[in-house]
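Number of protein chains: 2
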Amino acid sequence: MEKITERQKEIIDVAGKLLTESGIGGLTIKNIAREMQFSESAVYRHFQSKEEIVLLMLEYLALNMNERLGGLKTMEKDPPEKLLAIFENQLRFFSKNKQYVVAVFSDGLMEQSESINERILAIMQVKMRHLFPVVFEGQKKGFFTDEVKCEELIHIIIGAFRLQMFKWRAMGFDYDIKKSGMESVRALLKVIAK
Amino acid sequence: MEKITERQKEIIDVAGKLLTESGIGGLTIKNIAREMQFSESAVYRHFQSKEEIVLLMLEYLALNMNERLGGLKTMEKDPPEKLLAIFENQLRFFSKNKQYVVAVFSDGLMEQSESINERILAIMQVKMRHLFPVVFEGQKKGFFTDEVKCEELIHIIIGAFRLQMFKWRAMGFDYDIKKSGMESVRALLKVIAK
DNA sequence: CATAGGTTTGTTAGTATTCACTAACTAAAT
DNA sequence: ATTTAGTTAGTGAATACTAACAAACCTATG
Numbered sequence: 051m052e053k054i055t056e057r058q059k060e061i062i063d064v065a066g067k068l069l070t071e072s073g074i075g076g077l078t079i080k081n082i083a084r085e086m087q088f089s090e091s092a093v094y095r096h097f098q099s100k101e102e103i104v105l106l107m108l109e110y111l112a113l114n115m116n117e118r119l120g121g122l123k124t125m126e127k128d129p130p131e132k133l134l135a136i137f138e139n140q141l142r143f144f145s146k147n148k149q150y151v152v153a154v155f156s157d158g159l160m161e162q163s164e165s166i167n168e169r170i171l172a173i174m175q176v177k178m179r180h181l182f183p184v185v186f187e188g189q190k191k192g193f194f195t196d197e198v199k200c201e202e203l204i205h206i207i208i209g210a211f212r213l214q215m216f217k218w219r220a221m222g223f224d225y226d227i228k229k230s231g232m233e234s235v236r237a238l239l240k241v242i243a244k
Numbered sequence: 051m052e053k054i055t056e057r058q059k060e061i062i063d064v065a066g067k068l069l070t071e072s073g074i075g076g077l078t079i080k081n082i083a084r085e086m087q088f089s090e091s092a093v094y095r096h097f098q099s100k101e102e103i104v105l106l107m108l109e110y111l112a113l114n115m116n117e118r119l120g121g122l123k124t125m126e127k128d129p130p131e132k133l134l135a136i137f138e139n140q141l142r143f144f145s146k147n148k149q150y151v152v153a154v155f156s157d158g159l160m161e162q163s164e165s166i167n168e169r170i171l172a173i174m175q176v177k178m179r180h181l182f183p184v185v186f187e188g189q190k191k192g193f194f195t196d197e198v199k200c201e202e203l204i205h206i207i208i209g210a211f212r213l214q215m216f217k218w219r220a221m222g223f224d225y226d227i228k229k230s231g232m233e234s235v236r237a238l239l240k241v242i243a244k
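Keeping their order, the protein sequence lines are chains A and B.
For what it's worth, our numbering labels the leading residue of the first sequence as 51, then goes sequentially.
For what it's worth, our numbering labels the leading residue of the second sequence as 51, then goes sequentially.
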C-alpha cells in the first residue's frame with residue numbers, strides 16, 4: 051500500500067461526508083472541490099480519477115475492519131460473547147463512520163466500476179472470515195443450533211445486520227444504532243441459541 | 051389508479067429489462083428509446099418524466115405483491131407451511147421478474163427521488179403486513195420461538211431474504227434462485243422453530 | 001360515402017445542465 | 001532551478017427534456 055498524503059486523507063474524508071449526506075449522486079468532483087474549498091482541478095493533483103478516491107476509501111475500510119475484528123480474535127470468551135463483541139465493535143465503528151454504511155451497504159457504488167465491486171465484495175469476505183470461526187466454534191460447543199450448516203447461520207446473522215444498516219440509513223441515521231443494533235443482536239443470539 | 055396504455059406497459063417492461071441488465075446507470079431515456087426502436091422524444095409522449103416510469107413500475111409491483119400474498123391468506127395450513135408458501139411465491143415471482151430485484155433491493159434507486167423512496171418503503175411494508183399475522187400465529191401456536199418479539203423474528207426473516215436477493219444479483223442472476231432460495235428458507239425455519 | 005378537422009403518436013433537431021477530466025499557467029516552497 | 005499544489009478556462013460526452021413539425025388515424029358532418 052502506498053503512502054497516503056494528508057490531502058488525500060482529507061479528500062477521502064470529504065468524499066465520505068458527501069456520500070453520507072447526499073448519497074452516490076452527491077459524490078462528484080465538483081462537490082468535493084467545493085467542500086475542500088479549492089478548485090476541481092486541484093482534486094486531480096491528488097488523485098488520478100474519481101474511482102481512485104472511492105478505491106482508497108474502501109481500502110481504508112477493509113484494513114480497518116480486518117484490524118478491528120482481528121484484535122478480537124484472542125479474546126478468552128465463549129462464542130456468544132465473542133459475537134456480541136464483534137457486533138458491538140462494528141456498530142461503534144459504523145456509528146462513527148456513517149460514510150461506510152453508504153459505501154458498503156449500497157449497491158449503487160458497485161455499479162460504477164468492476165474494481166469497486168471487487169473491493170466491496172472483499173470487505174464482505176473480511177467480515178465472513180472473522181465470523182466463521184466464532185460461529186463454527188459456537189455450534190461445536192453447543193451454544194448455537196447445529197440444525198443448520200454454519201454457512202446458513204452466518205447468512206442469517208449477516209442478513210439481519212445488513213437490514214439494520216439499511217433501515218438506519220433509510221431513516222437518515224436519526225437514531226442511536228449502537229443501542230437498537232445491540233438489542234437486535236441479542237435477539238438474534240436468542241434465536242440461534244441451541 | 052389511472053388506466054395504463056399498452057405502450058406504457060411496453061416501456062416499463064423495457065425499463066425493467068434495462069435495470070436488470072445494466073443497473074440504474076443503464077436506465078436512461080436514450081436506452082429506453084433504443085430498446086423500443088423509436089426516438090427519445092417519443093418516450094415523452096407516454097410519460098411526463100423518467101421518474102414517472104419508475105413510479106409506475108413500482109406501483110405495478112406493489113399491487114402485484116399485495117394480490118399474490120393476499121391470495122395466500124386463506125390457506126388452511128400451519129404457519130411454517132404458510133411461510134414456505136409465501137417465500138415460494140416470492141421467489142417464483144422474482145425469478146421471473148428480475149427487474150424488481152434491482153428496483154427494490156437496491157438503494158441506488160432510492161436516492162433518485164423522494165417519491166421513489168416512499169414507494170419502495172411502501173413495498174417493504176406490504177411484505178411485512180403479510181408476514182406479521184403468519185409469524186404472530188406461529189409464535190402463539192408454538193411453532194416459532196417466542197424468546198423474541200414477533201418484530202424481531204420478522205426482521206431476521208426479511209434480512210435473510212434480502213441478503214439472498216443481494217447475493218443472487220451480485221452473481222449476475224446466474225443460478226436458480228427458487229432452488230437455493232427455498233433451501234435457505236427451510237434452514238431459516240429450522241432456526242426459528244421452537 | 002367521402003372528406004375536413006382534430007387528435008394521437010411519431011419524427012428531427014435541438015436546449016441547458018452536469019459530468020469527469022485536461023491544458024496552460026502561476027506562485028510558492030524546496 | 002525544479003518540484004509541488006494551486007488557479008482559470010476550457011473540452012467532449014452524456015443527461016433529461018422540449019419545440020416544431022408530420023404522418024396516420026379517428027370521427028363528425030356535408
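Source of the hints: derived by calculation from the structure; they are not laboratory data.
It is possible that part of the hints are untrue.
Identical copies look the same in the list; a pair holds intra-copy or inter-copy alike.
Derived lysine to any residue pairs resembling SDA-like cross-links, with alpha carbons at most 25 Å apart [what the hints assert, rightly or not]:
#, residue 1, residue 2
1, K67, E85
2, K228, E197
3, K148, A220
4, K127, E168
5, K53, K123
6, K217, P183
7, K80, I208
8, K217, I204
9, K229, C200
Right, here's what the structure says about each hint:
1. K67 / E85: This pair counts as within: shortest intra-copy Cα distance 9 Å, inter-copy 38 Å.
2. K228 / E197: between (30 Å within a copy, 22 Å between copies)
3. K148 / A220: both (12 Å within a copy, 23 Å between copies)
4. K127 / E168: Neither way: K127 and E168 sit 33 Å apart in one copy and 44 Å across, limit 25 Å.
5. K53 / K123: neither (28 Å within a copy, 60 Å between copies)
6. K217 / P183: Result: close only across copies, 22 Å inter versus 28 Å intra.
7. K80 / I208: neither (35 Å within a copy, 38 Å between copies)
8. K217 / I204: both (20 Å within a copy, 14 Å between copies)
9. K229 / C200: between (27 Å within a copy, 19 Å between copies)
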